[in-house]
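A.B. asks: Okay, here's what each chain looks like letter by letter:
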Amino acid sequence: MLEVIGLECRRGDRRLFSGLDLALEPGTLLHVRGRNGSGKTTLLRTLCGLFTPDAGEVRWRGESIRALAEDYRRELLYFGHLNGIKSDLTGIENLSIAARLDGDPVGIDDVWQALARIGLRGFEDLPTRMLSQGQKKRVALARLILSRAKLWVLDEPFTALDVEAVALLQGLIADHVAGGGLAVLTTHQEVPLTSGQVARLDLGD
Amino acid sequence: MLEVIGLECRRGDRRLFSGLDLALEPGTLLHVRGRNGSGKTTLLRTLCGLFTPDAGEVRWRGESIRALAEDYRRELLYFGHLNGIKSDLTGIENLSIAARLDGDPVGIDDVWQALARIGLRGFEDLPTRMLSQGQKKRVALARLILSRAKLWVLDEPFTALDVEAVALLQGLIADHVAGGGLAVLTTHQEVPLTSGQVARLDLGD
Amino acid sequence: MWAVFWCVLKRDLLLAMRRRTDVLTTLFFFMIVVSLFPLGVGTERQVLQILGPGVVWVAALLASMLALERLFAADYEDGTLEQMLLTAQPLSLLVLAKVGAHWLLTGLPLVLIAPLVGMQYHLSDAQIGIMMLSLLLGTPILSLIGAIGAALTLGLRGGGILLSLLILPLYIPVLVYGSGAIEVSVIDLSDTMPYLSLLGAFLLAALTLAPLASAAALKISLE
Amino acid sequence: MWAVFWCVLKRDLLLAMRRRTDVLTTLFFFMIVVSLFPLGVGTERQVLQILGPGVVWVAALLASMLALERLFAADYEDGTLEQMLLTAQPLSLLVLAKVGAHWLLTGLPLVLIAPLVGMQYHLSDAQIGIMMLSLLLGTPILSLIGAIGAALTLGLRGGGILLSLLILPLYIPVLVYGSGAIEVSVIDLSDTMPYLSLLGAFLLAALTLAPLASAAALKISLE
Amino acid sequence: MTLNWFKFASPATFYPLAGRLTRPFWILTGVLLVIGLYWGFFQTADQLGGSNPQKEYYRIIFIHVPAAWMSMWLYIVLVFWAAIGLVFNTRLSFMMANAVAPTGAVFTFLALWTGAFWGRPSWGTYWDWDPRLTSELVLFFLYIGYMALHSAIDDTRRADRASALLALVGLVMVPVIYWSINCPDPTQCAALHQRSGLGKIESNILFSMLTMTLAFWMYSFATSFMRLRSIILTREAEASWVQELLNREHSR
Amino acid sequence: MSDFFSQGGYAFFVWGAYGMVVLVLVAEVLQLRLQHRTILARLGRLARLSQSSRPE
Ligand code: HEM
Ligand SMILES: Nc1ncnc2c1ncn2[C@@H]1O[C@H](COP(=O)(O)OP(=O)(O)OP(=O)(O)O)[C@@H](O)[C@H]1O
Ligand SMILES: Nc1ncnc2c1ncn2[C@@H]1O[C@H](COP(=O)(O)OP(=O)(O)OP(=O)(O)O)[C@@H](O)[C@H]1O
Ligand SMILES: [Mg+2]
Ligand SMILES: [Mg+2]
Numbered sequence: 001m002l003e004v005i006g007l008e009c010r011r012g013d014r015r016l017f018s019g020l021d022l023a024l025e026p027g028t029l030l031h032v033r034g035r036n037g038s039g040k041t042t043l044l045r046t047l048c049g050l051f052t053p054d055a056g057e058v059r060w061r062g063e064s065i066r067a068l069a070e071d072y073r074r075e076l077l078y079f080g081h082l083n084g085i086k087s088d089l090t091g092i093e094n095l096s097i098a099a100r101l102d103g104d105p106v107g108i109d110d111v112w113q114a115l116a117r118i119g120l121r122g123f124e125d126l127p128t129r130m131l132s133q134g135q136k137k138r139v140a141l142a143r144l145i146l147s148r149a150k151l152w153v154l155d156e157p158f159t160a161l162d163v164e165a166v167a168l169l170q171g172l173i174a175d176h177v178a179g180g181g182l183a184v185l186t187t188h189q190e191v192p193l194t195s196g197q198v199a200r201l202d203l204g205d
Numbered sequence: 001m002l003e004v005i006g007l008e009c010r011r012g013d014r015r016l017f018s019g020l021d022l023a024l025e026p027g028t029l030l031h032v033r034g035r036n037g038s039g040k041t042t043l044l045r046t047l048c049g050l051f052t053p054d055a056g057e058v059r060w061r062g063e064s065i066r067a068l069a070e071d072y073r074r075e076l077l078y079f080g081h082l083n084g085i086k087s088d089l090t091g092i093e094n095l096s097i098a099a100r101l102d103g104d105p106v107g108i109d110d111v112w113q114a115l116a117r118i119g120l121r122g123f124e125d126l127p128t129r130m131l132s133q134g135q136k137k138r139v140a141l142a143r144l145i146l147s148r149a150k151l152w153v154l155d156e157p158f159t160a161l162d163v164e165a166v167a168l169l170q171g172l173i174a175d176h177v178a179g180g181g182l183a184v185l186t187t188h189q190e191v192p193l194t195s196g197q198v199a200r201l202d203l204g205d
Numbered sequence: 001m002w003a004v005f006w007c008v009l010k011r012d013l014l015l016a017m018r019r020r021t022d023v024l025t026t027l028f029f030f031m032i033v034v035s036l037f038p039l040g041v042g043t044e045r046q047v048l049q050i051l052g053p054g055v056v057w058v059a060a061l062l063a064s065m066l067a068l069e070r071l072f073a074a075d076y077e078d079g080t081l082e083q084m085l086l087t088a089q090p091l092s093l094l095v096l097a098k099v100g101a102h103w104l105l106t107g108l109p110l111v112l113i114a115p116l117v118g119m120q121y122h123l124s125d126a127q128i129g130i131m132m133l134s135l136l137l138g139t140p141i142l143s144l145i146g147a148i149g150a151a152l153t154l155g156l157r158g159g160g161i162l163l164s165l166l167i168l169p170l171y172i173p174v175l176v177y178g179s180g181a182i183e184v185s186v187i188d189l190s191d192t193m194p195y196l197s198l199l200g201a202f203l204l205a206a207l208t209l210a211p212l213a214s215a216a217a218l219k220i221s222l223e
Numbered sequence: 001m002w003a004v005f006w007c008v009l010k011r012d013l014l015l016a017m018r019r020r021t022d023v024l025t026t027l028f029f030f031m032i033v034v035s036l037f038p039l040g041v042g043t044e045r046q047v048l049q050i051l052g053p054g055v056v057w058v059a060a061l062l063a064s065m066l067a068l069e070r071l072f073a074a075d076y077e078d079g080t081l082e083q084m085l086l087t088a089q090p091l092s093l094l095v096l097a098k099v100g101a102h103w104l105l106t107g108l109p110l111v112l113i114a115p116l117v118g119m120q121y122h123l124s125d126a127q128i129g130i131m132m133l134s135l136l137l138g139t140p141i142l143s144l145i146g147a148i149g150a151a152l153t154l155g156l157r158g159g160g161i162l163l164s165l166l167i168l169p170l171y172i173p174v175l176v177y178g179s180g181a182i183e184v185s186v187i188d189l190s191d192t193m194p195y196l197s198l199l200g201a202f203l204l205a206a207l208t209l210a211p212l213a214s215a216a217a218l219k220i221s222l223e
Numbered sequence: 001m002t003l004n005w006f007k008f009a010s011p012a013t014f015y016p017l018a019g020r021l022t023r024p025f026w027i028l029t030g031v032l033l034v035i036g037l038y039w040g041f042f043q044t045a046d047q048l049g050g051s052n053p054q055k056e057y058y059r060i061i062f063i064h065v066p067a068a069w070m071s072m073w074l075y076i077v078l079v080f081w082a083a084i085g086l087v088f089n090t091r092l093s094f095m096m097a098n099a100v101a102p103t104g105a106v107f108t109f110l111a112l113w114t115g116a117f118w119g120r121p122s123w124g125t126y127w128d129w130d131p132r133l134t135s136e137l138v139l140f141f142l143y144i145g146y147m148a149l150h151s152a153i154d155d156t157r158r159a160d161r162a163s164a165l166l167a168l169v170g171l172v173m174v175p176v177i178y179w180s181i182n183c184p185d186p187t188q189c190a191a192l193h194q195r196s197g198l199g200k201i202e203s204n205i206l207f208s209m210l211t212m213t214l215a216f217w218m219y220s221f222a223t224s225f226m227r228l229r230s231i232i233l234t235r236e237a238e239a240s241w242v243q244e245l246l247n248r249e250h251s252r
Numbered sequence: 001m002s003d004f005f006s007q008g009g010y011a012f013f014v015w016g017a018y019g020m021v022v023l024v025l026v027a028e029v030l031q032l033r034l035q036h037r038t039i040l041a042r043l044g045r046l047a048r049l050s051q052s053s054r055p056e
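Protein chains in written order, with UniProt numbering: chain A, 1 to 205; chain B, 1 to 205; chain C, 1 to 223; chain D, 1 to 223; chain E, 1 to 252; chain F, 1 to 56.
Isolated chain A (complex conformation) (with noise of 0.2 Å):
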C-alpha cells in the first residue's frame, strides 16, 4: 500500500541514505530506528511529501504521492518533534481547529470525550500554555482518537508522556494496526510494540 523505491536523502552535503526500498501493507507498524542524526525523521517527512527526496519516491496506493497531493494528505496524520498546538488556544479550540482542517467530520462532543480519554478531563478548557509540557503532548496526541486517517506518521511520540500515558499510546496504535491502518514510528525509548505484524528499519552505518 505504501511503498518506498529507491529513495535517497541528503541534508546540507551529506547522504543520509539512498536505494531504500520499501513495502507496506494494511496492517503493518515500521519501527524505524538509528542513532540520533542518522536521518529518521527526514525518512518520516519524506513519507509525508513534506521533503522532497533527491532520488527515488514515495507511492501510495501504486500512485505517486507528488501525483496525488491532497488525497493522499487526506489518508495521512503526520505527528512531529513539535506538538502543533497553539498555546494561546484551549484544547477543545486546537482540536477542533485540527478536525475541521483534516476534513474530519468531528462534532464538539467527539472532542471533548477525546480529551477525556486522553486524561485531560478538567483541562479542557484552558489555554494549553497553562499546561504541563506532558500534558500538552496528550493534548496533540488526541488528535489520533478523532482521526480517521489510515496512515500513521509518528516522530518519537512517546517522549515526554508518563508510563500510563504510554500504554494509552500504544493501545491507540494496536487498535489502528488491528484495524487495517498503517503506522510508522520511530522512538529511542525501549517500549515494547505489541500490535499486529511488526516491521524494523535500521538507518545508518
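Simulated from the structure, these hints should not be mistaken for laboratory data. No residue lacks a Cβ here, since even glycine has one placed at the ideal position from N, Cα and C. One or more hints might be untrue.
[To be verified] Taking beta-carbon pairs under 7 Å as the criterion, some of the chain D residues facing chain B (in silico):
#, residue
1, 7
2, 11
3, 15
4, 18
5, 79
6, 80
7, 86
8, 87
9, 88
10, 188
11, 221
[As the list claims (entries may be wrong)] Below, a list of computed lysine-lysine pairs in the BS3-like style, where the Cα atoms sit at most 30 Å apart:
#, chain 1, residue 1, chain 2, residue 2
12, A, 136, C, 219
13, D, 10, D, 219
14, D, 219, B, 136
15, A, 136, C, 10
16, D, 10, B, 136
17, C, 219, C, 10
Starting from the known structure of chain A, fit chains B, C, D, E and F with the ligands onto it as the hints suggest.
C.D. replies: Chains B, C, D, E and F with the ligands alone, transformed into the frame defined by chain A:
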C-alpha cells in the same frame, strides 16, 4: 566557603524551593538532583548571581555575592545548557577570547594544548560550525582546562559526550576538587562521581 | 473548501484577540513614523501637504512589512504550519486566509486611522477620502506580496531586515500609484480613476498569484 | 580594563567579517528606504531638496533600529552573552564595546554612503558635508539608545516591532537636531554650530549613561 | 522522471569541463576588449554633432551600455537556471544560477556607476529618478536580495530553492516596476533616458559598443565558470571524485 | 598623449567610469582565484585530516 541561606526561588507563580540552606567547604562536589522542572537550573543560576532569588542569599567567603560582584565572578566558572561558543569562530579563537574575558592570562600555546588534551587535535582552526555536536561541547569544556576559577558550576555537562569524553571530564572535575576547588553540578545520566567529598541535594517533592 | 478558509481566518482572528498588543503595535509604529517626518522636515503647511501622500504610503509600506515578519513565524515555531501543509486542502487557500486575517488586523486599522494622519498633514477632505480608498485597495496588495517574502525568510537569522531588502523594492508600483492617486486628487477627483482602477487590477493579480507563490515558498522553507 | 574592551570589539568585527551579508543588508535597507520617497512624493528637484535631510535621518533611524534587533540576539541565543555577564569585568564596558562594533558596522557605512544619497536628493556639497558630520555625531547616539531597547526586548516574540515602539520616540531629539543642522546649512554654515554641539553633548551623555542602562536591562532579560 | 538526461550534466563531469572552458573565454575576452577599446578610443570622432552634441564623455557608452545589457541578460540567465532547478530538481542548475548572480550584480553596479558618470556632464546631475535608472537600481537590489537570501540560509538546498523562487518573483515584478515608474501617471508615459534606436547610432560607435558587449559577455562566461568550479568543490566536498582530485593536487 | 588622457576636459568622468570598471572586474577575478585556492587548501587539509584520523 560557599554558603546558601534560606534561599527561595519562584518561577511564574510556582514556588520551586524555599528555605534552602547549604554550606560547602573547599574540596567538595555538590551533586544537585531532581525531576525535570524541579528547579535545578534555577538553583545553579542563582548560585552564579544570574537569577535573583525571592528570598535568602548566597555568600562567598562570608560575603554576599551581590556585594562582591566582580570579585566573585572572577573566581567563578559557569557552564550552562548553552555552550557559549560562537559557531563562526574557530576553537582557538573561541577559547582565547573566553580566556581574555575571564581575565585568565593564557597564552596561545596553552589554548592549543587545551584543545589537544580535550581530543580536538586537527580541528583547532575550523569554524566550530563545522564540528559535530559533541565536538562543539568539547570546545566549550576546554575552558575548564584553562580556567583558574575556584568554583565550577556545571549544568548537565555530560550530555552529548561520548564515553571517553565523559571519563576525561570526570578526571578534570576530580582534579579540581582534589586541588581544593569547589564544584556544583547537575546530571540526569548515571555518572559515577568518584571525586573527593560528594554532597547530594535533592530538589522537588 | 471555503469552510476551511473561514476556519483559518477565524482561528487567526481569535488568536489575535488573545494577544491584543501585537495588533496595536503595528498601528503605533505607523503613527510614529508618520509623526517623525514633520519633526525632520519642518512643519510648514505647504511642505507637509506635498509630503503627506508619500509619507503616508511609505509609512504604510514599512508598517506592513514589519508586521509581516510575524505572519507565519508563530505557526512555524509551534509546528501548526507543518500541520497545515499536511491538510487535504490546497495550501494556497490557507495562505490566503492567513493573509486575509493579517490584513484585517494590520492593514484595515491603517485605513481607518488615515483621516487622523491626513489632518496632521493638512490634507483636504477629498484627499483624505482618496487616501483611504487607495489604502483600502493598496494595503492588501502589500500583505499579499509581503507574504511571499515572509514565507521565504521563515525562521532565518536577521529575518526582519532581510525581508525588507527582499520585498520593499517589490512594493514600488503600489507606492507610485497609491501616492499618485492622492496627489492628483488635489486637482480633479475624476483624475484619480485610472490610478484606483490600476490598483484594483494589481490587487486582483496579486490575489490570484501571490498565494500560489507563498505556498510554494512555504513548502521550500519547511523542508 | 581597556584590553577587554578591545577584545570584545575585535571579536564582534571578526564575527561580522565572517558573515558579510548582515552588514550589507543594513546599508541596502537604508538605500532602499531613501529611494522609496522620491517615488512616493514625486521627483521634482525642489521638493527633493526640502525632503532630503528629513528622509535621510528617518531612514537612518529606521535602519539603525532594525539592525539593533540583532545586536545582542546572536550572543543571547548561543549563550555567549550569559558568559559575558559572568566575566570579572563591568558589563557596561562590554556593552559599550559591542555597541561600538555595531556602530562601526552599521552606523559608519551610513555616514560614508550619505554623499550618494545627497546626490539623489540634489543637495549641495556644503549640505552633504553637514549631513555627514551630523550623521557621524548622531548615529552613535542611535546605537547607544537603541541598545537599551534591544536589551529589554531580548528573546521576546515580535521583538522587532516592540523595539521600534520603545525606542523610536527616544530618537526624536537626535532626529530634530540632526535634520535641523542640514536644513540651516543652506542659509549659513556657521548656523549649524549650535545644532552640532548639541548633538555632541547628547553623544557624550549617551556614552556615559546608555551603557549602564543597557547593562541593567541585559541582567533583567537574562534572568 | 523522463528527463533524467539533465543529470548527465552532473557536477562531476562539469567541473573539469568548466575548467577547460575558462581559458578560451579569457582569451576571447582579452581580444575583444582590445579591439573594442582601440576602436572606441582611436577610430571614433572626438565630438558628436546632432541635436544633442556630445563631447568625449560619450566614450562611456562603450562600457555603460554593455554593462547595462549584461546586467539584464544575466538576470534572465539566472532566472532560467533557477527555474530549471525548481522544475527538474537538478543541483547543477542551481549552482549555475548561483555562479551567475555575483557577476550580474557587478555589471548592474557598473551600469549605475558609469551611467552616473555620464549623467553628470550630459544632464548635469549624477542621478535622476528616471525610470530606466530606477529600475536598474531595483534590479541591483534584486541581485543583492538573491545573494543575501541565499547566504542567510544555512541549508544549501533550501537556500537554492528559496532564492530561485525569489528570482522568479523578481522576473515577474521587474517589468511591472519599470512600467510603473515610467508611467507614474497611468494616462501618459514619459522617460528622461534618451531612447534612440540602434540604427541611429554612428556605425563606428556601434561596432565598438557591440564588441565591448561581446567582451563583457565572454567575461561573464569566464567568471561564472570559475565561480561554478568553486561552488561545485564546496558542495561536493564529500564526493569521491573530489577526494581523488585533491589527492592529485596534493601529490603535485 | 596628454590629449588622450585629458579626453577633451572630461578626464574625470571618462576615466572615473573606466577606472571603476577596471577596478571592479579585476577585483572580481582576484577574489575568484583566491576563493578557489582557499577552498582547495581547506578541502585538502580536511581530506588529509580524515585520512590521518582513520588509519587504514
Ligand atoms: C536599464 C539599464 C540601462 C540601459 C539599458 C541603458 C542604456 C543606455 C543606452 C542604450 C544609452 C545610449 C542612449 C543613446 O542612444 O544615446 C544610454 C545612455 C545613457 N545612460 Fe543609460 N542605460 C541604463 C541605465 C542607466 C543608468 C542606471 C544611468 C545613470 C545612473 C544611465 C545614464 C545614462 C546616461 C547619462 C546616458 C547618456 C544619455 C544621453 O545621451 O544624453 N543609464 N543608456
Ligand atoms: N534543516 C537541516 N538542514 C541541514 N541539515 C539538517 C537539517 N536537519 C537535519 N539535518 C542533518 O541531517 C541529519 C539527519 O537529521 P534527522 O533529523 O533526520 O536525524 P534523526 O535520525 O531524526 O535524529 P534524532 O534522533 O536526533 O531525531 C543530521 O546529521 C542533521 O545534522
Ligand atoms: N524563563 C522562565 N519563566 C518562567 N518559568 C520558567 C522559566 N524557566 C523555567 N521555568 C519554570 O521553572 C521550573 C523549573 O525550571 P528549571 O529549568 O529550573 O528546571 P530543571 O530542574 O533544570 O529541569 P531540567 O531537568 O529539565 O533541566 C519549571 O517548572 C519551568 O517550567
Ligand atoms: Mg528526529
Ligand atoms: Mg535544567
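A.B. asks: Given residue 88 of chain D was flagged as interface, is its beta-carbon under 7 Å from a beta-carbon of chain B?
C.D. replies: Holds: closest Cβ of chain B sits about 4 Å from residue 88 of chain D, inside 7 Å.
A.B. asks: Given the hinted pair residue 136 of chain A and residue 219 of chain C, is their Cα-Cα distance within 30 Å?
C.D. replies: With a Cα-Cα distance of about 26 Å, the restraint between residue 136 of chain A and residue 219 of chain C holds, given a limit of 30 Å.
A.B. asks: Has the given pair, residue 136 of chain A with residue 10 of chain C, been kept, meaning a C-alpha gap of at most 30 Å?
C.D. replies: 22 Å, holds
A.B. asks: Does residue 219 of chain D lie within 30 Å of residue 10 of chain D when you go C-alpha to C-alpha?
C.D. replies: 23 Å, holds
A.B. asks: Taking the closest Cβ pair, is residue 7 of chain D under 7 Å from chain B?
C.D. replies: Result: holds, 5 Å to nearest chain B Cβ.
A.B. asks: Identify whether the interface hint at residue 86 of chain D stands, where standing means a beta carbon of chain B within less than 7 Å of its own.
C.D. replies: At about 5 Å, which falls below the 7 Å cut-off, the nearest Cβ of chain B leaves the hint on residue 86 of chain D intact, so it holds.
A.B. asks: Does the interface hint hold: is residue 79 of chain D within less than 7 Å of chain B, judged Cβ to Cβ?
C.D. replies: Residue 79 of chain D check passes; min Cβ-Cβ to chain B is 3 Å, inside 7 Å.
A.B. asks: Mind checking the CB of residue 221 of chain D against every CB in chain B and telling me if the closest is under 7 Å?
C.D. replies: Not OK, violated: residue 221 of chain D not within 7 Å of chain B, min 11 Å.
A.B. asks: Against chain B, is residue 188 of chain D within 7 Å by beta-carbon distance?
C.D. replies: 49 Å, violated
A.B. asks: For the restraint on residue 15 of chain D, tell me whether the closest CB of chain B is nearer than 7 Å.
C.D. replies: 6 Å, holds
A.B. asks: Measure nothing beyond the straight line between the CA atoms of residue 219 of chain D and residue 136 of chain B; if it is 30 Å or shorter, mark the hint as holding.
C.D. replies: 26 Å, holds
A.B. asks: Straight-line Cα separation of residue 219 of chain C and residue 10 of chain C no greater than 30 Å?
C.D. replies: Answer holds: residue 219 of chain C to residue 10 of chain C is near 23 Å, not above 30 Å.
Hints 10, 11 from the earlier list are contradicted by this structure; the remaining hints agree with it.
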